[in-house]
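Student: Read off the chains here:
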Amino acid sequence: MIPLGKSLAVLVSFVFLPLSFAQGDFVRIPNGWLWFLIIFIVVTGGIALGAYLYGKATRPGKAGQYALTAATHMFIWVVILLTFYPVIYLLAISLNENDSITSALPTTGNILFRSGVLPDPAKFSFIQYQKVLGETHLLSYQWILVVIFLGAALFALWTLFSERMGGSIHRLERLRGYAGWVIFLSLAVLVITINPSQFYFINEAGQRVASSTERKIVLYIRNTLLVSGATGIFAVLISTTAGYAFARMRFQGRYQTLLGFVFVQMFPGFMALVAIFYLMSYLGLLNTYAGLILAYSGGAISFAAWIFKGYLDSISPSLEEAARVDGATRWGAFWRIILPVSIPMLLFIFLLQFIGTYSEFIMANILLTGENQWTVGVGLRNFTNGRFNTQWGALAASAVLGSIPILVIFYSFQNALTGQHTAGGVKG
Amino acid sequence: MKKILFTVMAFATLFGAVQAQGITVWTHFGDAELEWLQNEAAAFEGAFGVPVSLVKVELGEIKQKLLLSAPEGEAADLIVPIPHDQIGEMASGGVLADMTGFATADYLADLNKQAQLAFTYNGKLFGLPMYVEGPALIVNTDLVPEAPATFEDMIAIAQGLTNDDTYGFLYDIGNFYFSYIWINSNGGYVFGRDASGSLVASDLGLANEGTVAGAELMKKFRFDYGLIPTGVDYGVADGLFIDGKLGMIYNGPWAIPNYRDAGVNVKVMPVPPTADGQYFNGFMGVQGILLNQFSANSVDAANFAKWITRPAAQVTLANLTGKIPSSNKAAQEVSSDPIIAGFAAALANAVPMPNIPEMGNVWGPMGDALTQILDNQESDVPAILNGAAAQVEGN
Amino acid sequence: MDISRSSKDFLAKRRRSEGSLWLSLLLLFIAISIAFLVGAAGVIVIRQFAPDAPAYFGILFGILALVLCLRFIAQRFEWIMPWYYLLPAILFLLTFTVFPVVLTIILAFTDYAGIRNGQLSVSTETQVVAVNDRELTLANATTLQCDQLMGSRAGCNDVRAVVYASGSFETTGVSLDDVVLTVDPPPPVDRAVQAVEINLPSVGFAAQFPVESVDGNRLTLGRVPPADADIKTLRLTLDRVPLERKIISVNGNTVTLDEPLPDDLGFEAIARYNDFGSVGFDNFRLIFNEASRALGPVFVWNIIFAFSTIFINTVIGVFIALLLNNPNLQFRNVYRTLLIVPWALPGIITIQVWRGFLNENFGAINRLLALLDLPTFDWLGSQAFAALAPKSAILLVNLWLGLPFMMTAVLGALSAIPRELYEAARVDGATAWQGFWGVTAPLLRTALIPITLTGFAFNFNNFNLIYLLTQGGPACPGSTATARCTDILISWAYNEAFQSQGGYAYGLGSAISIIIFIITLAISLINFRVTGALKEEPNT
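Residue numbers (the numbering used here), protein chains in the order written: chain V, 1 to 428; chain L, 429 to 823; chain F, 824 to 1363.
These are computed hints drawn from the structure, not numbers from a lab. Incorrect hints may appear among the rest.
Far from chain F, some chain V residues (derived; all Cβ distances over 12 Å) [to be verified]:
no. : residue
1   : SER140
2   : ALA205
3   : ALA305
Taking lysine to aspartate or glutamate and the EDC-like style, the derived pairs with C-alpha atoms no more than 16 Å apart in a straight line are [stated by the list, open to error]:
no. : chain 1 : residue 1 : chain 2 : residue 2
4   : V       : LYS131    : L       : GLU463
5   : F       : LYS1055   : F       : ASP1000
6   : F       : LYS1055   : L       : ASP534
Covered stretches of chain V, going by a simulated chain F footprint (3 or more residues, C-beta under 8 Å) [claimed, not checked]:
no. : segment
7   : 84–93
8   : 239–248
9   : 273–286
10  : 396–405
Note that CB positions come from ideal geometry on N, CA and C, so glycine has one too.
Looking at chain V on its own, in the form it has when it is part of the complex (with noise of 0.2 Å):
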């Protein structure tokens, strides 16, 4: 048995690496996966014989399913230990004094240390993160917002425990309803306030000077906050009258011009970069948030108006109907009929917009010239030093800064997300 194992790993690495510098400088733990599996077959197995166990002596006639429901729990939590490894180890070395990927590794502790799969703790240190935000000034009163910000954020963390906990859920609504409020006026406040000029230190001759571009990751979240904010809006703004007038409106040219926006759509954005930058250019929009925006937006709207126009047709014109017999308009009834209904798509579409526009870096990069206007996509590529050198702590510590806006949004609006998006990929 052993022997197999060890020569069909032999011969697979014979087949892909003639001479590895790589072999001889690892951790091994001679037939490790032999062990793992035998190890992860008996925990397993273990836990599935004792729910049957019990379920036999509970439940007989659902001792089997107790035993496939242990398995599959032990199953779906490797699923999510190998999901969350990445994200671990991100956090990991972002808490890690040293900025280099290359450093040596420990050569004692636990096997997990040794072998470099998890970085050393002994080295944990909050460096990386005072490095990048060490350079950020804020005024005094936006401390106050950050605080109540974070109140706020705690208070709605709150209601979401104590529903749980089961107090009045109705109550709760409300006053989460309220704290998310205070927490979008707090942030949209804190956005629009923080500007580049709080971002420096002081030299040693005692003059200000600008900090560098691996220390501006807050400006570079603001920067993003806002572009991509304003870009959802916009979507949002542009696309629903676009949308209903496709489902609720008959019209000659109706088809062709549906047809003209999906299609017109198709074409790789990005590869109209120059096209775009001239156009940018000539508005004197260039290396501004409003070009930025702009272009974003002109890729968004006819995917925004099809998805606006996929949900209107699913929900029925009767109580527009009934307002236009009471004499409303047609703009009244879309105004206040089918806005109000349709909050929660167009609150899915802002956020589809919103994450979409967050992650993008190609268009940004060549838009935004300047450093102060640059988006965390755009400011995370900047973490080479020189020539040859990645700063890969500070980049870490950045990027899960960079990450905490678009991961608290999409929690907090998980349902609106995942369910709308099941209902448009299933309906295509």
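Model the placement of chains L and F on the given structure of chain V, informed by the hints.
Tutor: Okay, now just chains L and F, sitting in the frame of chain V:
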């Protein structure tokens, strides 16, 4: 009150274009070098009253960004610095200002001739050189107390050191920039020169016998001498040297600060010649300052370019890194530094990278060719090199 | 809400007198044209007062004019209303999508590239020895670099050029009083002086000082030079009074221009433009001539990649969704929430993390494999078996990235299957296994078709994944530097147009984009045909 004004201004400029005052500089510097540049910028503002804003741009992106955005008035006034091999494309693309006029006789008299040549394209000076850099043999004197006198010695020492714990000689072998030393020393070249010394794009030496011989030597490093296994790239070699596990590395002055910080005792020297007198000379790069042809403030930009290339500034920078100042006076001043002296000796006969636009098409295909050549012992070197050369010509 | 009534009912009743399509479009076109003209006029007017006003002010004027026009039209032709609902979107699409796309398509038929970008090529400046009407004699015509131009422009035929005077003037300073510098000899009267170079011994170099005004031999400087300024020798920067001409031919050192030059300005140099122009179908011809090295392999891998990544993601996604769909499984909502984390993180960050993860020597993946005593791989660089390892790495990372969506979508589809169907199946005596194949599988298949087709279309152009993870590498034997082993069509186009190894060949990149556009269209048409997404009364 000031804060309110501040906020109002921030609001106003939120969606509109921000009009920058003074001059803008794109730089790929980081850490100590960036700090040096920030200090020089602050000093310049003190002396000339012109604020300088520094924007970090990745080295690989400068060329494209400048070509696209300079004509639209959106690029920096100055690029500080850029290796000279990139200037051909930018100068041909019309985005670099001819700086011949800014070079006074005094300035030229003090300028390293090789550096001046490196930034001369089509008979015009397209940048003010800052420093000369290039790879040399960097020896960890704790592992290799007796520096090798000949190439054969070097191989022997390296083989002696290559064991479970340490390595003898490693470098980023798949990188054409470094590996050019073996190609050049065997008679290979990138572009030939005509009678007047100008580079000729049609005379390509990347598939000639010399290049093949050089590539075969590189294969020997891996397969015959057993020195440089697969998987070694810049990060591996650099990391091992920092950890004190590598005897000799072929690397440039930019790495010296890290080695110093890690407490490695180093000696910098040329790759030693073979016993029968074959010398090894690789690429030399000159980094210099470029002026944007479309700069709205070329007067101040030129002043700042001269400010950071003045000998005093070059000396401070040289002491930080080990790069050889392009000013003869400054080079003289730091020549007693053993590391700078080591690099100076190694680069004395090095070949400046070609600076014609066609050079932009060389790095990609040649890098790919080297990885293929080094992939296994049976690789067909002439065929691979011919393919790469055809691509360089075809592009 | 009353769902029993279909929307058609409602729409049929609401149908009103309609104008023809063309009349609507004509009216809209007139309104937009007026708005455009007003906008342009607005910019011109504003620039009279504020010369630096950016062009986007014109948009504001244009919108105002548009609103007024539209009101006017709507009062006369009420049936145009539907178009008003579409107008914002159409305008936006026209400006920021259609216009750039059309421009890009036009550029696909040119040789536009980094060094043929339509700018004046300063480096080609060549000394003029003699001027004779339309003929110039040059010191050395090779400096014009006519060999860099392609096609009909080769040899500088029909290329724009600039002829100008020398830009510098040597003189000596007589006195310096604050900002007033007196020089001898004075600069030429007909030339504007832009700057003066004064040697500053205290600083160590000759610095430039802007010149504000010239009065004979007295120059007023924009800045006060320091006290120790050495004004013995000065160099003035003059305006070069450039004149634009076209080069008709270059013969030896003789250049013939299209129009004669005035002979009083003292022309001393000529420089040509980096002109580019139409090359017809040359870009496409190049692409198809080199198809065996670039288009072919890239296209094949692109298809394989899109197919296999969707296949893998679907199989594993369905499997995990089925596990999580088990109503007896506790915490299944928690699990679902945990498992969508890759979806909730920005791809630009996670893909770069994976890049570090897959590093051959320091990556956690290889360390983990080694720890388990399994062979390690050069995940991002191995060329063995047509770059099998990098290709597997791409599929692996895309599985990590795409699994949450697939899982969620399948869970949604599963939750839509009515429980009664299972009950009915069980009443009929079916086992769980039969229930799955009889009930779940067929229903799931219908739901999966649109999901997988959308996924295929998305992954076909999944640029971020390829570009951020492998950058197309490693090289394949015989491949070009822009189309390497793991490049897909869109990353290949990007490499040609925006990367150094492609020489910023934007025209060529645009040509590839058109090919991608056509393929994407074809895929989408199949998608729509299968799902029937666009199947609705096409005659309305």
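Student: All hints, please: hold or fail.
Tutor: Hint-by-hint comparison with the structure:
1. Under the 12 Å C-beta cut-off, the non-interface status given to SER140 of chain V relative to chain F holds; the minimum distance is some 31 Å.
2. For ALA205 of chain V, the shortest C-beta to C-beta distance to chain F comes to about 18 Å, beyond the 12 Å cut-off, and the non-interface label holds.
3. For ALA305 of chain V, the requirement that its beta carbon stay farther than 12 Å from each beta carbon of chain F is not met, with the minimum near 6 Å.
4. With a C-alpha separation of about 15 Å, the suggested pairing of LYS131 of chain V with GLU463 of chain L holds against the 16 Å cut-off.
5. In summary, the hint linking LYS1055 of chain F to ASP1000 of chain F is supported, as the alpha carbons are separated by about 14 Å, within the 16 Å threshold.
6. Only pairs whose Cα atoms come within 16 Å are accepted, and LYS1055 of chain F paired with ASP534 of chain L is accepted, the gap being roughly 14 Å.
7. Check on the segment 84–93 of chain V: 6 of its residues sit with their Cβ under 8 Å from a Cβ of chain F, so the three-residue criterion for coverage holds.
8. Proximity of the segment 239–248 of chain V to chain F, defined as three or more residues with a beta carbon under 8 Å from a beta carbon of that chain, is established by the 8 residues found.
9. Coverage of the segment 273–286 of chain V by chain F holds. Counting CB-CB distances below 8 Å, 10 residues qualify, and the rule asks for three or more.
10. Given a C-beta distance limit of less than 8 Å, the hint that chain F covers the segment 396–405 of chain V holds, as 4 residues qualify and 3 suffice.
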